Amino acid sequence: MARPNIQIDDEVREMTEEEYEALLASGWTEEGSDGLAD
Amino acid sequence: MAIKTFTTGEVLTASDTNTYLANSGLVYIKQQTVGSAVASVTVSDAFSATYDNYKIIWSGGTQSNDTNNQLRLGSTTTGYYGAFVYSLYSSATPLSVGDNNENAFRFAGGGASNSAACNIEIFNPFSSYRTRLTSTNVVYSTLAGMYNGVLADTTSYTAFTLLPSAGTLTGGIIYVYGYRKA
Numbered sequence: 452m453a454r455p456n457i458q459i460d461d462e463v464r465e466m467t468e469e470e471y472e473a474l475l476a477s478g479w480t481e482e483g484s485d486g487l488a489d
Numbered sequence: 005m006a007i008k009t010f011t012t013g014e015v016l017t018a019s020d021t022n023t024y025l026a027n028s029g030l031v032y033i034k035q036q037t038v039g040s041a042v043a044s045v046t047v048s049d050a051f052s053a054t055y056d057n058y059k060i061i062w063s064g065g066t067q068s069n070d071t072n073n074q075l076r077l078g079s080t081t082t083g084y085y086g087a088f089v090y091s092l093y094s095s096a097t098p099l100s101v102g103d104n105n106e107n108a109f110r111f112a113g114g115g116a117s118n119s120a121a122c123n124i125e126i127f128n129p130f131s132s133y134r135t136r137l138t139s140t141n142v143v144y145s146t147l148a149g150m151y152n153g154v155l156a157d158t159t160s161y162t163a164f165t166l167l168p169s170a171g172t173l174t175g176g177i178i179y180v181y182g183y184r185k186a
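For the protein sequence lines, the chains are A and B, in the order given.
Note that our numbering has the first sequence beginning at 452, numbered continuously upward.
Note that our numbering has the second sequence beginning at 5, numbered continuously upward.
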């Protein structure tokens with residue numbers, strides 16, 4: 452799977468492996484939600 | 005000078021006009037167009053000593069997932085505390101969830117594939133005072149609520165990052181305004 456994009460000001464690029472690992476470690480998922488009751 | 009009272013017959017100079025037209029309470033700082041399918045968007049040079057308090061609005065965009073979007077200051081990933089109070093459209097019963105030392109202000113906004121937005125007030129991000137945040141447009145397709153939080157540190161920040169808890173953001177513009185001090 453391709454890593455998601457990151458935007459820093461006007462620059463949009465694919466995340467580096469390190470950035471992607473940090474994103475996953477923060478709890479981000481490609482699919483899903485925040486787990487609130489709905 | 006913050007305000008001036010003009011008197012009848014007084015000449016309105018170009019200088020006065022330019023000065024006092026610019027002396028609005030809410031001052032535009034910058035804007036950032038959000039790209040396509042980004043998992044995070046960082047806005048640099050948003051905060052400075054010029055203002056203590058700020059308003060951040062993101063509108064006109066969408067989210068791939070029906071969920072919240074979060075706000076992180078600088079590169080800080082710990083110490084965010086807050087509470088989100090919300091209700092489902094299908095119920096009159098209020099619900100809530102707490103943020104207890106999270107890695108971001110978790111409920112800065114919300115949205116879905118048809119619309120998404122943030123309406124944020126942020127207090128003292130640049131000073132060495134704990135930064136507080138209020139967000140008033142946390143709206144998904146099934147619920148809506150408001151969030152208040154504090155970042156338990158004294159770091160001075162100039163940048164922030166918006167990031168959804170799942171999926172990506174696309175489009176719209178993030179506007180940053182400062183509340184004029186005098």
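Treat each hint with caution, since some may be false.
[What the hints assert, rightly or not] Partial pick of chain A residues on the chain B-facing surface, computed with a CB cut under 7 Å:
| # | residue |
| --- | --- |
| 1 | P455 |
| 2 | N456 |
| 3 | I457 |
| 4 | Q458 |
| 5 | S477 |
| 6 | G483 |
[Stated by the list, open to error] For each label pair, taking beta carbons as the anchor points, the in silico distance ranges come out as:
| # | chain 1 | residue 1 | chain 2 | residue 2 | range |
| --- | --- | --- | --- | --- | --- |
| 7 | A | E462 | B | S91 | 34 to 40 Å |
| 8 | A | T480 | B | R184 | 24 to 30 Å |
| 9 | A | R464 | B | E14 | 24 to 30 Å |
| 10 | A | T480 | B | N105 | 16 to 22 Å |
| 11 | A | A473 | B | E14 | 56 to 62 Å |
| 12 | B | S94 | A | S477 | 17 to 23 Å |
| 13 | B | T12 | A | R464 | 58 to 64 Å |
| 14 | B | S94 | A | E482 | 21 to 27 Å |
| 15 | B | S100 | A | D461 | 56 to 62 Å |
| 16 | B | S79 | A | T480 | 28 to 34 Å |
Read the hints as simulated data drawn from the structure, not as lab findings.
All values derive from a computational prediction rather than experimental measurement.
Heads up, the beta-carbon is just placed ideally off N, CA and C, and yes, glycines get one too.
**Q.** Hint numbers not upheld by this structure, sorted from lowest to highest
**A.** The structure breaks hints 8, 9, 12, 15, 16; every other hint is satisfied.
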